[in-house]
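First to last, the protein sequences are chains Y and W. Note that our numbering gives residue 53 to position 53 of the first sequence, counting from 1, and the numbers run on in steps of one. Note that our numbering gives residue 1056 to position 56 of the second sequence, counting from 1, and the numbers run on in steps of one.
Derived by calculation from the structure, the hints in this document are not laboratory data. All values derive from a computational prediction rather than experimental measurement. The hints are all genuine.
DEER-style ranges, computed between Cβ atoms:
| hint | chain 1 | residue 1 | chain 2 | residue 2 | range |
| --- | --- | --- | --- | --- | --- |
| 1 | W | Lys1239 | Y | Trp246 | 31 to 37 Å |
| 2 | W | Glu1314 | Y | Pro152 | 23 to 29 Å |
| 3 | W | Gly1081 | Y | Leu262 | 55 to 61 Å |
One side of the interface only, derived from the structure: several residues of chain W facing chain Y at Cβ under 10 Å:
| hint | residue |
| --- | --- |
| 4 | Gly1038 |
| 5 | Arg1040 |
| 6 | Lys1199 |
| 7 | Val1201 |
| 8 | Asp1224 |
| 9 | Gln1231 |
Straight-line Cα separation of at most 20 Å, EDC-like style, residue types lysine to aspartate or glutamate; simulated pairs:
| hint | chain 1 | residue 1 | chain 2 | residue 2 |
| --- | --- | --- | --- | --- |
| 10 | W | Lys1048 | Y | Glu143 |
| 11 | W | Lys1121 | W | Asp1131 |
| 12 | W | Lys1170 | Y | Glu294 |
| 13 | W | Lys1213 | Y | Asp37 |
| 14 | W | Lys1288 | W | Asp1083 |
| 15 | W | Lys1103 | W | Glu1068 |
| 16 | W | Lys1213 | W | Glu1235 |
| 17 | W | Lys1257 | Y | Asp90 |
| 18 | W | Lys1257 | W | Glu1243 |
| 19 | W | Lys1317 | Y | Asp90 |
| 20 | W | Lys1171 | Y | Glu294 |
| 21 | W | Lys1100 | W | Asp1115 |
| 22 | W | Lys1059 | W | Glu1101 |
| 23 | W | Lys1170 | W | Asp1131 |
| 24 | W | Lys1316 | Y | Glu143 |
| 25 | W | Lys1053 | W | Asp1318 |
| 26 | W | Lys1052 | W | Asp1025 |
| 27 | W | Lys1213 | Y | Asp32 |
| 28 | W | Lys1317 | Y | Glu143 |
| 29 | W | Lys1059 | W | Asp1025 |
| 30 | W | Lys1048 | W | Asp1062 |
| 31 | W | Lys1294 | W | Asp1083 |
| 32 | W | Lys1234 | Y | Asp37 |
| 33 | W | Lys1239 | Y | Asp37 |
Backbone N, C-alpha and C define an ideal beta-carbon position, used for all residues, glycine too.
So you can see what is in the structure, the chains are spelled out below.
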Amino acid sequence: MTLRLPRIGTSQIIALAAILAINWTVSPQFFDIRFQDGRLFGSLIDVLNRGAPVAILSLGMVLVIAMRGIDLSVGAVMAIAGAIAASLADSHPLPVVLAAALGAGLACGLWNGFLVAVLGIQPIVATLILMVAGRGIAQLITEGRIVTFTAPGLSWFGGGSVLGLPAPVAIALAMLALTLLVVRGTALGLMIEATGGNARASALAGVGTRAITLAVYAWSGLCAALAGIVAAADILGADANNAGLWLELDAILAVVIGGTSLFGGRFSVVLAVVGALIIQAMNTGILLSGFPPEMNLVVKAVVVLAVLLAQSPRLAGLGLLLRRKRP
Amino acid sequence: MNFKALMLGTALFGAGFSASALAADLTVGFSQIGSESGWRAAETTVSKSEAKKHNVTLKIADAQQKQENQIKAIRSFIAQGVDAIFLAPVVATGWDAVLKEAKEAQIPVVLLDRDIDPAGKDLYLTAVTSDSVHEGAVAGQWLVKTVGTKPCNVVELQGTVGASVATNRKKGFEEGIAGHPNVKIVRSQTGDFTRAKGKEVMESFIKAEGGGKNICAVYAHNDDMMVGAIQAMKEAGLKPGTEILTVSIDAVPDIFKAMAAGEANATVELTPNMAGPALDAVIAYKTKGTVPPKWIQTESKLYTQADNPKAVYESKKDLGY
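Okay, chain Y solo, but in the shape it has when bound (with noise of 0.2 Å):
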């Protein structure tokens, strides 16, 4: 069993890296570190912590569109494990908090699977219905207020810290290696790769197409979920209605930006999580230039479409046309 390592990803990396040094200088202690309350303390720490929601969903997301479908529900599966999470805290040890939580995401997870991959809906609409109805189902659940909670059990996963680093910063650390293991390790991967395709000739090839995706559904759900526990723990509450808003959205541009193609047939779950890093580095870098509110969004803008156009393949190509007309 080994593992490949990335195939392509000049591009993100060097994405990555212009983006921090733009963000060193526009705020010289960017890179600065210290050690405070057992914790690595600093702006680049930031950018991971604050990154690790989106990178966990990125996880779920890469398979799902690696295999031709779309989860637009992530945010609302979010909304819904967190406010499971924080209303049972208090009065639930941590394991059956943890259980409930994840449980519902994963129930989200196989609907949507069960829609796609049994009944044939188109998975953005399939997945649609339950991103308007999930964030109505958390908003029950919380009674649209928000749900605050104390245990530190819970609290563990948004302020704990594993060897210096953030708790969330290690269990997306934690799930990247998982899915690592379970895709490029085994045949899973490419039996994914193989749907995103084509199903057809994959199905009529042996591959059990119709489980693939309803599990690959269900592991988006079950990461949606732990990010959402990851963001309830972050503020030590549940907030219906602004937990995981846009945020599939977030993690679709994750995806994408990490070169993995709509289109399905292949994916690369590391640059995913590269592209949630640049993401949230652009957002961080946002917040330290000291630029008026307002220009946030037109940054982004600007950001996106510049490593989006450096990773064109037709651009390359009109490039190297360029060059060659040159006498």
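Fit chain W to the given chain Y structure using the hints.
Just chain W, lined up with the frame of chain Y:
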């Protein structure tokens, strides 16, 4: 309008009603927006208890954020012949037709919490709203008074970009600190009115301002962002409430918890009691014919640690925030 009101008042008195007896017979229909926020839920709860206090039957219709539902509710209130209609408008425009119907039926309409398009001013009796510019000014004045002549660098957590409340609270705060060059806003970013964003933005403010040493005070456009910011300050090893002053707006229960723990300094209340002043106005109008002013401004009360935050928390926690 005045004359008509006077006539109505005289007619009622002529019929021999006493003020309290009439108030007991009043029925008011209330078209509420929905329950999109904790504050809205608290407003509904307080409206119910205020109606009971005023001996008024209150019929609440939840519009679930839709204007068409509000228009339907108002029409049904008119059909039922209620004595007055309270409306918390979900949007500012598009009320002319239905408010004209209410006017023709001689049912006074009182706007709660939000105003409508100025073109319709003669279509309602009065509007009971808070002045969000004033709220910001109260927060700014508190800070100026608290720091005195010491230099003070303020970081600001703005609400959602483009929201009128955010623009007004920013403007008001700037008015409040105007003329005091020692108090300066050094950084200002949006925290989207949420805890998570408030925390994230505060984390980067702390890094950008020398680990928080250059920050003297935090001003947040709502309490939720401040609750997040307080967590960020604590995690950075800073002491909010003592090392860094905090002032925010809304007065939700959780900020009183932080104030009781000495981690927050002040909040300006956006009172959920809009129905109380509205009921007072309607009862005075119906019994004595007193025409209220077009705008009744609610009080923007400042709460500090000296105001027994624990007791305020207890009184607010069950309102539905």
